[in-house]
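*Asks:* With the hints as your guide, set chains B, C and D onto chain A.
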Amino acid sequence: MPKLTIDNLEVTVPEGTNVLEAACALDIAIPHFCYHEALGAVGSCRLCAMMFTDGPVKGLQMACMVKAQDGMVVSSTHPDAMELREHVIEWAMTNHPHDCPVCDEGGECQLQEMTVAGGHSKRRFRGKKATFTNQDLGPFIQQEMNRCITCYRCVRTYRDYCGGTDYGVLGSRNRIFYGRFQEGKLESPFSGNIIDACPTGVLTSKPFRFKTRLWDLQEAPSICPHCSLGCAIVPGGRYREVQRVRAGINRETNGFFICDRGRFGYDHVNHPERPRQPRIGGQPVALETALDAVRDRIAVLVEAHGPNSIAFLGSSRASLEANALLRDWASAYGSEQLAYEAHQGRDYAARTLAARVGGHACSLGDLRQSDLIILFGADPLAEGPMLAVAIRQAVRGGAKVVTIDPRPVELPCTTLHIPLPASRLPELLAALGSGDLSAFDAQERATFAPLLDQIKAARRPAMVGGADLLGGQGIAALCSAAADLSTASRAVGVMALLGGPNSYGGALLAGDGPGFDTLLDAIQERTVRALVCLESDPFCEALDPARAQAALGHLELLVCIDSTPSLAAQRADIFLPSRANAEMSGSYINNEGRLQEFLPVIDPGLPIKVTGAGDHPPREFFQTTPGSAPAADWWLLAKLLERATILAELRKTMAKYDERFSMLSFLAAGTTGLRLPVKVALPPVADRGLPHADGSDNQTLLATTGPLGSHWLAHLSAPLAATEPQPYVCLHPDFAAALGLASGDRARLTTRFGHCHVEVRLSAQMVSGLVLAPQLWDTALEGLAPGSLHDCRLEKEARA
Amino acid sequence: MNDLLISLVLILVKLGLILGVVLTMAAYLVLAERKILGRMQLRYGPNRIGPGGMMQPLCDVIKLLTKEDFVPDRADKWIFLFAPGLTALAALLSFAVVPFSPPVTLFGREIPMVVCDLNIGLLYIFGLSSLAVYGVVLGGWASNSKYSLLGALRGLAQLVSYELALGLALVPVVMSAKSFSLNAIVMAQADWPNLLRHPLAFIIFMISITAESKRTPFDMPEAENEIVAGYHTEYSGMRFGLFFVGEYINLVVIGAMTTVFFLGGWHGPFLPPVVWFILKVLFVAFLFIWARGSMPRPRYDQLMHFGWKVLIPLALLNVVLSGAISLAVNS
Amino acid sequence: MTTVLFYILGFILLAATLMCITRRNPVHAVIYLVAGFFALALMFYLLGAPLVAAWEVIVYAGAIMVLFLFIIMMLGLAPQEVPEGPGWQRWLPLVLLSASLMACSLLIILQDPAAGQEIPDFYLAPQALGEALFSRYAMAVEMVSFQLLFATIGAFLLGRPLPKGEDQ
Amino acid sequence: MNLWRDIKGTLQPFWVTLGYLFKKPVTIQYPEEKRTPPPRYRARIVLTCNPDGSERCVACQLCSAACPVNCISMQAAEAADGRRYAAWFRINFSRCIFCGLCTEACPTMAIQTTPDYEICNRDVLKLVHEKEDLLIDGCGKDTEYNFYEHSGIGVVNERGGNEDEYGPVDPKSLLP
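Chains as they are written, first to last, in numbering that gives the first Met the number 0: chain A, 0 to 799; chain B, 0 to 330; chain C, 0 to 167; chain D, 0 to 175.
These aren't lab readings, by the way, just hints derived from the structure by calculation.
Quick reminder that beta carbons are idealized off the backbone N, C-alpha and C, glycines included.
Careful: at least some of the hints might be erroneous.
Anything over 10 angstroms on all C-beta distances counts as not near chain C; from chain B, calculated [to be verified]:
1. Ile48
2. Ala187
3. Ala228
List of simulated lysine-lysine pairs, DSS-like, C-alpha gap at most 25 angstroms [claimed, not checked]:
4. A:Lys608 with D:Lys130
5. D:Lys7 with D:Lys22
6. A:Lys184 with D:Lys171
7. D:Lys125 with A:Lys608
8. B:Lys76 with B:Lys145
Under 8 angstroms between C-beta atoms, here's a sample of chain B residues computed to sit facing chain C [said to hold, decoys possible]:
9. Asn118
10. Ile119
11. Leu122
12. Leu130
13. Trp140
Excised from the complex, chain A in its bound form:
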């Protein structure tokens, strides 16, 4: 622990810290461009110069390149250091176009700040400036190379940290150019991070281009609603419109970066078809009328058919508070028909994980430190993209990564891929746990035996599972295997990719209650006559949408609370509009059991660009904001329950379900959140297993989560529309050859949801004999709930 003196202040820092970080620990602001906590120091910008007056190092040095040592005496305000910094800034500004008024970085530009901080104010250089021609880097990134100060941060973020390959540095001297070799979309699903990383306006967000200045932006710490990892984000909104999202900082989860789905998937809040008015039978009504109607009609049904005639369906994207109130509501009637996720595979997976993971739960932060990561049926890029970046960091630290999956799993690092059908994953996990591989044939044993040895030899191994393919049984096997493989000296970490941002919270509340399939049975048998959907869409999310739609047709009353134009919202008898998570306070529990809070950024209302209908915002004034009816989901439920609508009060009542929820009172947004302590005694979960295809004469199709833009909320976001793929299927080359298909062929896919024209893609990493198709909204593939198996027929089509 070296102890050094910076600007006459003493500080003791951990071994290996550089002097710049030590100064930051003392809250001494040292100008810097190239140093970044996640990226490390390279000493290329020459801006963090400090004078080392005494100790082992002497003279003017770059603070980020000097490791802190005992007895150092450093001055950040030494005249020599200040002069150097001023000159460096002046050099950096020689080619700068001075176009701050039309630059989107204005207001959050580090170059502006450093120029002012460095003391440079007057341009002395009288020569001409070099100029560059920009590249079109796709729908997300806007490039303006003239503003570049060659700090290398973008390349280090894109290539080194996130593992992209198609962006780099070209040229030499003052012709250094950052970009692709050819114009085109940046391929990495983490490309948006270079917007945050760039300290000036070279790389700015294209969807956010010219929309708002930082100082006009309403921002608040929030949690990404797109997957179960619970990344910290900071959405920004203006004029009743969420306009951008930037990465929040949470060293335990996402670190400093987020994926493009989180960054550009904010637009579902502003969706033009978003229902913003309470409705009864399709007719807009006042909120009070709708609330009364819900109470009255449910009371009538309870009176006539008993409490269990009302079923409640919570959601993995509703806040923890709303889900808890839903349980309050169900118990107020005495109804036991309460489930928390329409997709029962994910439901059981989450409940099993919550019940059994115990001390094995590992965060993304832990995962970055792992030396062996094995993914069982988990596809990070689809189910939890930031996991891929975390895995890459582990690999950069020397870790080995093994993926065992029926699908091809692409990761931004070197991996060992072992294709294995999803149904055999629990079996493999059980075998790994027991160390007995006798159930596998010789070839497979040859693959898995070294794996077992590696796990046993690893110091910090981690096992990752995906809820879609593993289901409850698989997750149970994953937890058992982790427990069995753990030794006294080291534990095996477990992480599972769950269905939504609050799957874990819903699972804690659901306990050993029925799954949605049980509810569907009851609906089919007409014992359940009313269904309340809280921000979930059983029509589309259920594992078997066809059956769900048939059953839900029998309902006498469908109440839906939602913020998206989902099918359930359209078909609901009574609809109550709720707020998106950027519009309300609440909390989620992510997939490792971390309780995190999000805060509202904007108030709901039709964006000015909509109400303005033209060049101007409207010139009339209204008592209420148009489209401002949506209320927070917990607020609506508290109103329905006739409780006080104060979040802090509601949170105090939640500890009765799980005493760990009392931590909600200590929650603060924008922090690392609170990891729920381990609780052993949780009720066992009765899993009915995943329904599988009956294996009739046709091919078997495995539905999977699509890439970035094909999740429900992401699908509703306009900026991601460009990345949403056309329908495709993926096949093993051998299997494709047997079917007479080649890569890039057009094919006709027939499932019981109808026909669809798809593009054929081939991957040698696939399990042979399987057709892989992503769930894509608004196509014939939208009924393919991830993880489900279907019978299908694939026929080659002549090229158009």
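*Replies:* Same frame as chain A, but now just chains B, C and D:
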């Protein structure tokens, strides 16, 4: 019984007359104050409504009457509502004992030109002026606003402090008239006014009555650049108007009191007594307006120091001196 | 007539005092107390002591109760509860009391009690009072004033801030 | 002597105000008499144009940031040639305090104050000026400046076409 009826009618007529004259005077004093202050600051003052702005009071009244009567949240509603009335009422009632002319003989009846010639008239006025403070204090307290409360507290302390000096300043006047009756006091000044007999008392009286009436420079209870508008911050419409009218009725009352106590009441050559009386009242009112145009507001603690440490000892000294002189002169 | 007025005033005085001691809001209590003082003052007037009546109003209603109010407002003693029930009912007693007080005052002014000559030595003249206070009862008056002075000094000594470091 | 000074200080103002009472007021009787304000007077705000007649405003939002009463609002947008401009621009003159900070903040000399002070209106909405109400056909006080000729962004001229710029570099070349 007939007698009783006639006296009742007379009283009512006098009341009506006084009410009309005083209220009109109060309304036009507002205009006069604004115009005089304007000219003192090289402005014109209100000059838009009617010839030379003469209809301004009418407009003000219409405006005040048509404004929203607003009661703040969690105010003590009833006290809030009746406090302004209390102020105006206390000021108006003071006029009951002010003699504005020698008695007139009409239809063989001697009619005193005073509503009620109380033999404790001076004490009656004291009593009412000490009650006037309730309007300020209760109004400020009931408003449920910090500025109002501060204004009320200031008003309270100021009024209580200066009432002592005020009373003491009038002791020599009473001594020379040997009566509390205002009529008697006026009568006693038939040869020369008290102003010449008791100049120190006059100065003390003027200073303390300024503080008592909360007029500039002693307008601490409503010091607008410190506590918004003091005790009437939360008032609007006619309730504010009542406070406002009360203040100007008070100005007339003060004028009348000064006239009666020091300026010889209705006594004067050539002109009819009533005219003399009104002229003197207007002159005193002008003095107050003039002071408002000329004097800055002292600090609150300076006000208290001055009241307790200078004015009251001075007034006591004046009482002793006057007593001694009158003893010496009489014996 | 005088007797009737006396009883009416007596009733008002008792009622006002009763209201005063039952109010929970100190400011309201003060208002009732002031109403009581008025009734008392009128009674003094009725009894032929206008000077005492005037002093009752000036000293008690005008000075002492005002100081009470000052203390109440300074210390913020008023309860923070929201007033219960419709407002006019709470204030009905005060309205009634004030109205009857007003009527009594009018009656007294109209029917000058001196006219009836019911009490021979009617007005208690200021001179008579002064002579009584400062000759016959001079000793008592002085003692009382000294006691008041002691009380004032004592209150000042007890209430002044302690010099630094001095303990009670 | 102190007391004498105090008494004098108390009485003197009375003398002064009495004197003023008989002087002629300096007030200008506005609707009847009008005065011509100097050219740099800060009254109605306008948006000026470049010497070539194009809009100067680039909707950088610095004026709205500088505005202490938040009376300026706008939305930036991008034209086909990459030019940043105001899709809508609104000044609420019922809020404006005519401090002129917006003109000091403006980097393109677009927003300027004029001596036209007679903009009172009974209808508040008529005081909310839109871009078409604000735009004038002229350069205002600065007749030369055109931001895009100096900004280094290829809008008026081609990239590298401004007087202080080299043409675009070829990063793939290794020639000096």
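*Asks:* A separate judgement is required for each hint: does it hold in the structure or not?
*Replies:* Against the structure, the hints:
| no. | hint | verdict |
| --- | --- | --- |
| 1 | Ile48 | 38 angstroms, holds |
| 2 | Ala187 | 15 angstroms, holds |
| 3 | Ala228 | 18 angstroms, holds |
| 4 | A:Lys608 with D:Lys130 | 16 angstroms, holds |
| 5 | D:Lys7 with D:Lys22 | 23 angstroms, holds |
| 6 | A:Lys184 with D:Lys171 | 20 angstroms, holds |
| 7 | D:Lys125 with A:Lys608 | 22 angstroms, holds |
| 8 | B:Lys76 with B:Lys145 | 16 angstroms, holds |
| 9 | Asn118 | 7 angstroms, holds |
| 10 | Ile119 | 5 angstroms, holds |
| 11 | Leu122 | 4 angstroms, holds |
| 12 | Leu130 | 6 angstroms, holds |
| 13 | Trp140 | 6 angstroms, holds |
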